[in-house]
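Guided by the hints, dock chain A onto chain Y, whose structure is given.
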Amino acid sequence: MKYVDEFRRRDLAQGLARRIRAEAEPGRRYNLMEFCGGHTHAIFRYGVQDLMPDNVRFVHGPGCPVCVLPIGRIDNAIELAERHEVILCTYGDMMRVPASKRHSLIKAKASGADIRMVYSTQDALAIARKAPDRQVVFFAIGFETTTPPTAVAIKQAKGEGLENFSVFCNHVLTPAAIQHILESPEVRDTGKVSIDGFLGPSHVSSVIGSRPYEACAETFRRPVVIAGFEPLDVMQAALMLIRQLNEGRHEVENQYRRVVTREGNLKAQALVSEVLERRRSFEWRGLGRVPNSALKIKRSYAAFDAEARFEITPSDRQDVKGCQCPAILRGVKKPTDCKLFGTVCTPENPMGSCMVSSEGSCAAYWAYGRFRQADGAAARREAAA
Amino acid sequence: MNVMDGNMTDGRFALKLDTRRGAVDMSHGSGGRATAQLVAELFRRHLDNALLAQGNDQAAFQVPAGRMVMATDGHVVSPLFFPGGDIGSLAVHGSINDVAMSGARPLYLSAGFILEEGFPLGDLERIVVSMAEAARRAGVPVVAGDTKVVESGKGDGVFITTTGLGIVPEGVEISGGLARPGDAILVSGSIGDHGIAILSKRENLEFETEIRSDSAALHGLVEAMLETVSEIHCLRDPTRGGLGTTLNELAQQSGVGMRIMEEAIPIKPDVAAACELLGIDPLYVANEGKLVAICPAGVAQDLLAAMRRHPLGAEAAIIGEVVADEHGFVQMETGFGGQRMVDWPAGEQLPRIC
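From first to last, the protein sequence lines are chains Y and A.
Last residue of the first sequence: 385 in the working numbering, with the numbers rising by one and none dropped.
Last residue of the second sequence: 739 in the working numbering, with the numbers rising by one and none dropped.
Think of the hints as simulated: they come from the structure by calculation, not from any bench.
All clues given are correct.
Computed spacing ranges between beta-carbons, pair by pair: (1) Ser537/A x Asp50/Y: 54 to 62 Å; (2) Lys539/A x Asp5/Y: 42 to 50 Å; (3) Pro464/A x Pro291/Y: 44 to 52 Å; (4) Asp5/Y x Val448/A: 49 to 57 Å; (5) Arg262/Y x Lys539/A: 54 to 62 Å.
In silico contact screen, one side only, chain Y against chain A (beta carbon under 10 Å); selected entries: (6) Arg10; (7) Gly369; (8) Arg370.
Non-contacting residues of chain A with respect to chain Y, defined by C-beta distances greater than 12 Å in every case (computed): (9) Ala425; (10) Ala450; (11) Glu536; (12) Pro554; (13) Thr613; (14) Arg693; (15) Pro696; (16) Leu697.
Idealized CB from N, CA, C, for every residue including glycine.
Okay, chain Y solo, but in the shape it has when bound (with noise of 0.2 Å):
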């Protein structure tokens, strides 16, 4: 397939893995984050962690929309579904996240609630379109990527009149993400993460370009490099990585050239800024309250946030105890070091976000990635005999 099997190519794989062997410093560790699901996807589906020397890890990042929206939201987006007069449209990732008191919308929608999986926002207009006598909600998740066509959905919804549309906003925002991290006291007092450098966002990158990285790179001192979702531009921004972490260097660099620019695509970022504007605050499944980290609906838009027209109150519901989700999407933990992952917990049901997006690293781990798990212990065991 052109312009992808390019981009998965073995004998450039192999290349590239023995540049990294040769010069990644063998007494040193290089523990690189990739920011997004879509990397950790790829690290699993092609087994790229295999490729690397053992010195060389990827610490899994918070990067999935699915896995960091807080369980009160959905408890609201749930609520929203419920109302007799409302059609929700979701992306299809949704449907499973565990709400509280194991809840969820596939639940939901068994049960009654008129539930519609959509493709793009614009499904979500059609739908509205054809039945006006109901209140079309989209529920609106992603970082940087998705948020372009929730504004022109927004901007269309008001050109057309569209009154029984309207849009419930989660979209949040990478760089505040990546920031917070870094200042969490696990990163920064107690050493308990270490990240030497980060694999950046691509698709995001593709809408806000690299600049938004370069104050972190420089305040935190860590080398930043943006890279494409398939499995040659993870070795090679890895490649990119330990060369700069090699030359002391921290520098925002561009692996995925094809694609990002350091300005970004400006009509989008102009679109999202007539339509939506920064929180002062959201709450991230494991990361808390982050500041300036995620986008709502302006006033002058106001007409089509589902948040005012439903009133929705906010609800701070915990995650089900045990599960180890925030402390994943923190890097602080392994899913393996969670007990309830593989008992209770597997992506038939999912105790935690993680489990079920394909971008989560639980279901990355369980679904591609159990047999080391299954390999490593009966080593342990002929090891023991």
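Just chain A now, with coordinates in the frame of chain Y:
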């Protein structure tokens, strides 16, 4: 009640069934005259065969001595008509294939229809004609049937359940529990065609593609395979859940693990591209005309050659091997050179694919 029986002929109904503008109504399921007319002018006319013409509530036939197999398969595919087939041909192929995966020669089919009030009779006729053609081509007649009608809004046009009956040739012993470490794993052709063809016609998702469903009856291919290699251990058609699910089923049933090579798995560029675009894994996309075969490594090349000689196995490939593994894991060497698991799929990837 079997309503494909009855002895009315076309001449006994004052007006012919209006398959141009007419629609299914509740009377078509009442068991009365309207039902009889639907059966006579639509089902029996097109599915025409001697056993159906016996006009009883059941089909009676002689069976040869030996081991019989029976399989049933419900069909709820949406949309009803898709590139490469429709719910009618799919329902015929579905049960034939389930029977054939035991190595059996399929003999007869039955079909149960659940029709929704308001469903156009013209569409129903298209479906029945397609069923009849598929059955004729496969040489497996539909010999019994049933029709029910549900109120508008309680169904989705038409659902069809078929049951197949077949007989296993002497000496053939095929079961999902017979895979042994060292066996070779083969697949009969490119994966994911059916699922992608369906998806390309779904509301909200329509995209331009040349991909057609691979829906086909596989008993001819199975017969050709068994002529060359009698010691086939497992056969299964990777329908709903795709190749990935089928391999996990067989691994679990046999208590073994599997190692497959991503690069060896045949996949059409269009299917790969559509999966890429939609963010789905082709390993879990449905097929309706493919099979997975597991046989001793020593005869794998012979089996591969036999498959490739048959039109439905022209792109067959050896994709991996069975290994000893207490966990029953299916592992894959990725095209990239790493290792990963091919797990059971979680949740529903594509609802109502067959």
